[in-house]
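> Protein chains in written order, with full-length UniProt numbering: chain V, 1 to 338; chain G, 1 to 338; chain E, 1 to 338; chain D, 1 to 338.
Hints are computed from structural coordinates only; laboratory data are not their basis. For each residue, glycine too, the CB sits at the ideal point set by N, CA and C. Among the hints, a few may not be true.
Here are the in silico distance ranges between beta carbons for each label pair [said to hold, decoys possible]:
| hint | chain 1 | residue 1 | chain 2 | residue 2 | range |
| --- | --- | --- | --- | --- | --- |
| 1 | G | Arg-116 | V | Gly-25 | 33 to 41 angstroms |
| 2 | E | Asp-303 | V | Glu-51 | 45 to 53 angstroms |
| 3 | V | Gln-13 | E | Gly-33 | 17 to 25 angstroms |
| 4 | V | Val-30 | D | Gln-108 | 46 to 54 angstroms |
| 5 | V | Ser-107 | D | Gln-261 | 29 to 37 angstroms |
| 6 | D | Glu-50 | E | Gln-261 | 50 to 58 angstroms |
| 7 | G | Pro-57 | V | Gln-261 | 42 to 50 angstroms |
| 8 | G | Glu-153 | E | Gly-93 | 46 to 54 angstroms |
| 9 | E | Pro-57 | D | Gly-321 | 37 to 45 angstroms |
| 10 | D | Ser-337 | E | Ser-107 | 44 to 52 angstroms |
Calculated lysine to aspartate or glutamate pairs in the EDC-like style (CA-CA distance at most 16 angstroms, straight line) [what the hints assert, rightly or not]:
| hint | chain 1 | residue 1 | chain 2 | residue 2 |
| --- | --- | --- | --- | --- |
| 11 | D | Lys-305 | E | Glu-60 |
| 12 | E | Lys-27 | E | Glu-16 |
| 13 | E | Lys-75 | V | Glu-35 |
| 14 | D | Lys-6 | G | Glu-42 |
Computed, partial: chain E to chain D, Cβ under 10 angstroms [as the list claims (entries may be wrong)]:
| hint | residue |
| --- | --- |
| 15 | Leu-56 |
| 16 | Glu-60 |
| 17 | Tyr-138 |
| 18 | Gly-199 |
| 19 | Tyr-246 |
| 20 | Arg-248 |
In case you want the letters, here they are:
Number of protein chains: 4
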Amino acid sequence: MVVILKQNFTLEQMEEAVRSMEAGGVKVMVSRGSETTILGAEGDASRLDEEFLSQLPGVERVMRVSEPFKKANRKFHPDDSVIEIGPGVRVGGQKLAVIAGPCSVESQEQITGVARDVKTAGASALRGGAYKPRTSPYAFQGMGTKGIDFLMEAREATGLPIVTELMSADQLPLFEECVDVIQIGARNMQNFDLLKKVGRTSKPILLKRGLSSTIEEWIMSAEYILAGGNPNVILCERGIRTFETYTRNTLDLSAVLAVKQMCHLPVVVDPSHACGKAWMVERMSLAAIAAGADGLIVEVHNDPKNALCDGAQSITPAQFGDLMGKVGTIAACVGRSV
Amino acid sequence: MVVILKQNFTLEQMEEAVRSMEAGGVKVMVSRGSETTILGAEGDASRLDEEFLSQLPGVERVMRVSEPFKKANRKFHPDDSVIEIGPGVRVGGQKLAVIAGPCSVESQEQITGVARDVKTAGASALRGGAYKPRTSPYAFQGMGTKGIDFLMEAREATGLPIVTELMSADQLPLFEECVDVIQIGARNMQNFDLLKKVGRTSKPILLKRGLSSTIEEWIMSAEYILAGGNPNVILCERGIRTFETYTRNTLDLSAVLAVKQMCHLPVVVDPSHACGKAWMVERMSLAAIAAGADGLIVEVHNDPKNALCDGAQSITPAQFGDLMGKVGTIAACVGRSV
Amino acid sequence: MVVILKQNFTLEQMEEAVRSMEAGGVKVMVSRGSETTILGAEGDASRLDEEFLSQLPGVERVMRVSEPFKKANRKFHPDDSVIEIGPGVRVGGQKLAVIAGPCSVESQEQITGVARDVKTAGASALRGGAYKPRTSPYAFQGMGTKGIDFLMEAREATGLPIVTELMSADQLPLFEECVDVIQIGARNMQNFDLLKKVGRTSKPILLKRGLSSTIEEWIMSAEYILAGGNPNVILCERGIRTFETYTRNTLDLSAVLAVKQMCHLPVVVDPSHACGKAWMVERMSLAAIAAGADGLIVEVHNDPKNALCDGAQSITPAQFGDLMGKVGTIAACVGRSV
Amino acid sequence: MVVILKQNFTLEQMEEAVRSMEAGGVKVMVSRGSETTILGAEGDASRLDEEFLSQLPGVERVMRVSEPFKKANRKFHPDDSVIEIGPGVRVGGQKLAVIAGPCSVESQEQITGVARDVKTAGASALRGGAYKPRTSPYAFQGMGTKGIDFLMEAREATGLPIVTELMSADQLPLFEECVDVIQIGARNMQNFDLLKKVGRTSKPILLKRGLSSTIEEWIMSAEYILAGGNPNVILCERGIRTFETYTRNTLDLSAVLAVKQMCHLPVVVDPSHACGKAWMVERMSLAAIAAGADGLIVEVHNDPKNALCDGAQSITPAQFGDLMGKVGTIAACVGRSV
C-alpha cells in the first residue's frame, strides 16, 4: 500500500495517516520530496482499508501494490491447484475437465439419458439444475429434492460426478451428502453468507463469476471460501454484462488468462450461458481451450426445443460428441488432452 | 407476446409455435402476410417463456408487449403505494422519507448519538449496518446481534424506526422481531431464496438495485416479494456499475422516473453509495428530489474519518442538518415536503 | 507520477526507470524500503507516459498523482470560465444558459417559429442540426448549407445565437463565418483531427461527452482545443452508454459535479439525448440544475410526432415554456437564475 | 418492421401509423385481435425510422424484424467477401491474414527492420502508425508524412502491403496514392464524414469496432462505406469498453461469430489493443483463430520497452515467430492455413 499526501499537508495530518497505517499492522516508510510525500507500507497490508485511508485529511491518493487476496494468490502458491471432484476425476491438471448436462433436471429418464450420452462422448462430470435461479417468480423453479434424487440415479448409472447449484444455505446438508460439486451461481457470487457456509465444508465449489464482477472481486469471493477452510474452489467464467445485447453476455476469455496468472485455482468456461445461443457454443468452446481454460461446462439437452429452461443455448448429445472431438484436437495444440 | 415466424417456416413449425403458446394459457391470433407471419398472444402472457419460444424452429423473433410483472405493475394498481415503516412514518406519500445513519453500528454511544442528531435534523428513520457485506473476508464484518441491540436502544431513545441489512435467512426471525425495515442489499438483489423468504413476512423491505441490474430485473425482484404475499416493498436506486471509475457507481436518476411510471412502489435514492464521495452527497440528494424520488437514504457518521467502514462517503450530522434544509426547499418546488 | 518497483528489481532496472522518467523532464526521488522501492517524480509530469513506464522491466505499477490536463485544470485556474456566445449571452456564470431547438432544421418556417417560441419562453440560444450524424446511411442526413442559412434567418428574427454541429473539417470556414457556437458531437469527441482544427479558431465550442468516454478522457478532449489556443469550450453531459436499455443512454449527473471540481469550464446537460424520451425531459432538467449544471440543451420541436429526427425525445414549445418556469424555481434554490 | 398499437388506440391513430409506414415505401398488413392490434410491414423496411414510429400516439412498441443493413447483409450476399490488399494477398479466404508491425513508425531502420522480421515469420501485411490518435494533446502524435515515406520504403524492401490509420480527410489523396489498406480507428468508427469519403475510394478499408459500438452499429458503419460504392471493407474486433479494468478493453470473440453470421465481410482480431498486455497476445490470438477470425492484426516492435507508443502491448519479432507457428497449428484444426 502506498499513500500519497496532498501538497499542502500538515505534519499532524501526516502523523495521523502514519498512525492509521501502523494500526493495520504494517511499518511505514516515509519519503518526503519537495512536492510529493509518500508513505509506503512494509509488511502484510491486507488489513489496511484503502477507502478509509483515502478519505483522511491530507491524503491525496492511495494505491494498493499487492493483491488483497492471500490464499488464492499464486505468489504464495505457485503451483496450479488440482481439485478432485470424483474418483479419478480432476479439474486443473493437464487433462481438461468437461462438465455437461441440461440446464434443468426434468425427469429421471431425461437426466440419465443425457448422462449416458455425455459420458460416451467423454464428459468428466454431469451438470443439471434442481434449484433454478429465475428472474421471474412465475417461471419454472426446478424440481428441488426430486431433482437431486434423479441426479444421484444418473451418477449411479454412469459413474459421472454430479454438479448442481445451491441457492439456499438450508439445503447445504443435503448437498454435502448427495452432490459432488456445489455450484454457486453468478447471482450469488457476492452472497457472502453462502460463501462463508460453503467455506466450512470440504466439497468442491464451482464459483461462477458475477454478471458485473471484476476479476479481483471474483477472486475475493473465492478467497472467502478458502479463508473458511475449503481449498477446493473451481472458478467459472460465464460472460459479463456489457452494453452489447446480441449475445446474452460477453464472454471474457482474457479473464481466464488474468485469473490463471494471479491465482492458482483452476478456471473453466461456460460458453452456453455466456452467449445464450446454441450455434455459438462449439466455436467459443474451442476458443476457450485455445486461450488456456482448464475445462468447459456446456449445456446439453436431449430435446432442446422442448427444454423447460435455456433451450435456446443447449446443444444436442450428437453435437456434443462432435464438439468433444474438436476440443481434443485444439487441446493437443496447447499441450492438453481430454 | 408477439411471435414473428421465419420467412420459410413450415405449417408444422407454425402449429408447434401456436401449441407452445396455447400451452402457456393464451389464445393465439395468426396473421399471415405475403412476407411476414405474426402470432399474437391474447390474454395473460406472463407464463410464456420468451427464450423458449425464440428457439423454436420456424421462429424468427419474439417480442414481449406487456411487462412481465403483474403485482408491481402500475397498470393494474394505478395509485402510488405508501408503506408505513413506523408509527406515523410513511414512505411514498407527499412527504419525503429521509433515512440516515452510519454505514455500520460501531457502539451504543455512536448509534444513539447519530440517531439523536439525525432525528433533530428531521430524519424519518435510522439506518445502520449490523451485518456488513464486504468484498474482503478480512474486512470488518459488522457487530452482528450486538449491533441489532444497539439499534433498538437508539430507536428507544429517539422513536426513529430502524433499517438494517439482512444477509442470511437464518437471521430472519430476529429481524422480524427487532427491526422496522429489512434491507436487501445490492449484492443480494437476485438472491431468490432470500427474496422468497422475506416475501412471506409482512415487514417493509428496502430492496436495493443490483450493481448491474436492469430496471426490469429490479422490479422482477420486487415481484418475487409481492408474489410471496408481502406488499411492503420500497425500491432503492444506489447507482449502477459502468465503465466510469471516478465515482464508485453511476447514479441513474432516470431509473427513478422509469420505475415510478411502470410500478406503484415508492423509490428512494442512496447518493452515498452511488457516488462514494461525501462532497457529492448534497448535490446528488437535491437532484434526486428534483427528479421525483420519494426519499433518500444517506450515510451520516459522527466521525467519518474514523468510521470503520465507508467513511469516505459519510457526511457529518452538521452537514446532514444543512442538507435537510436544502432538501426542504427543493421539495417545495416539486410539490413535496420533508 | 509515482513508480513502484517489483520486489526483485535489479539496480540496472531501477536506473533504467529513473532515466526514463528524467527523460520526460522531471526530477526523481528514490525511496527504498525493505520491501517496496518507490520512485516519485518532482516537477511537471504531464509528459511522462504511464503506459510506457508501466511496461519497463522492474516496474510493478505506475500511478499518476496529478491530472494529465493543465489548461483545463482548476488547480491552475481556480475561477469558473465564463464563455460569451452572443451579445450579452454567457455560459458559466450565475445565470443559467438554456439552449433549445429542434434536432434538425427542417424548413425556414419551422426553425424561425421554434426560435420565436423558445425566445419568448426565455431560451438563451437556438440549437438545430444542419448536418446530422446518423447510424444509418439511409436516414435523413440534414439539410446542409441550406440549414445553416435558415438558422441565420432565425437568428436574424430573434437575436438568439445559433448552435449547430460540425461534422467535417471542410465546413469549418463556413461555420466560423456563420454560426455562434460549434457543436462537436459525442461520436466525434475523440476525432482528434477535428479537435485540433477547432482549437485554432476562437469560436465557442460545445463539446459533447462521448458515449463511453471517461470524465478524464472528456476533459482531455477539451484540453486538445485549449492547447490549440481556443479557450472557449463548453462541456455537455449527454448520457453514457451502459447495460441499461430502457433509456437511450444513462444520464450521469455526478459527472457534472466531478468536472466542475477538477476543471474550470462550464458544463451544460442534454436531457433529451440522455433519456431519449420526451416525458423524462422536464424532471431530468430540474435534477441537472439542482446538481449544479450551468445550463441545459433541450430538444424542442413544433410538431414532435412529425419531426424528421428524434421526435420521440422532443418537447413542444408549450412544454418548454412550463419547463422554463420550473427551472427558474429550482435555480433560485441553488443560487442561480434563468 | 412490426408495430404494436396501444390497447386503447383510436382509429385515427391507427390510420396515422399506417400512413407513416406506407410513406416509407412498404405495404401494411393490419391484424386486429381483441387485445392486441399489430401492423406488419411488407417489403423493404430499411427506410422506416424505428424511433419515429415508436413515438406516434397510439403506438405501444416497434420491432425491427430484418437487419437495417442491406449491402453488408449475408442474406443478399451469401458468399464470404474476399478482399485483395496486395498482389496475391487476400483477406477473407481459407488462408488467414496476419497483419503485423509497430504501433508507430519511428524511423526508417525500425520499420524496415520489423517489416523484414515479420515477413520472414509469415506475416501478410505490415502495419505502422504515421498519424496517431492519442488521448493527450501532449503525447507523441506520429511522424506524419515522413512516416508514410518510411512505410513505403519498408514495402519496397519486403513486398508487404502497408496498413496505416487515416485520421483526417485532408490526407485521403495521399493515402489513396501511397498505402494499401486505410485503417479507420475505433474512435472514428462513427465519424460519418470520414466514412462517406473513404466510401468514394476503392481502397481496402480496415474498420475497427468503436469502443462501445454494438455489433449492429459497427456493421452500419461498414454499410456507409459500401453504400458509397467501396465494397472493400475488412472489419476488426479490438475489444470493447466494459467495467473491467484489468485489461485495456474486453476482447469480444463472440462478436466475430455474430458478424460472420449476419454479414459477408471478413473479420480480423486485434489482441494487442484489446488486452493491452504483451503476455496475453499469444493466447488471445490462438483463441481468435479457434473462434473463426479471418486473421489477426498484432503489434510487433523491435524494442518494445523503448517504443514511443504502446510498448506494453507489443511483442518482439522472436515472439511473433513463435506465435505464427502456433497460429498455424490451430488454423489447421479449423480448416484454415497461414
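> Which hints from the list above does the structure break, by number from lowest to highest?
6, 9, 10, 16 and 19
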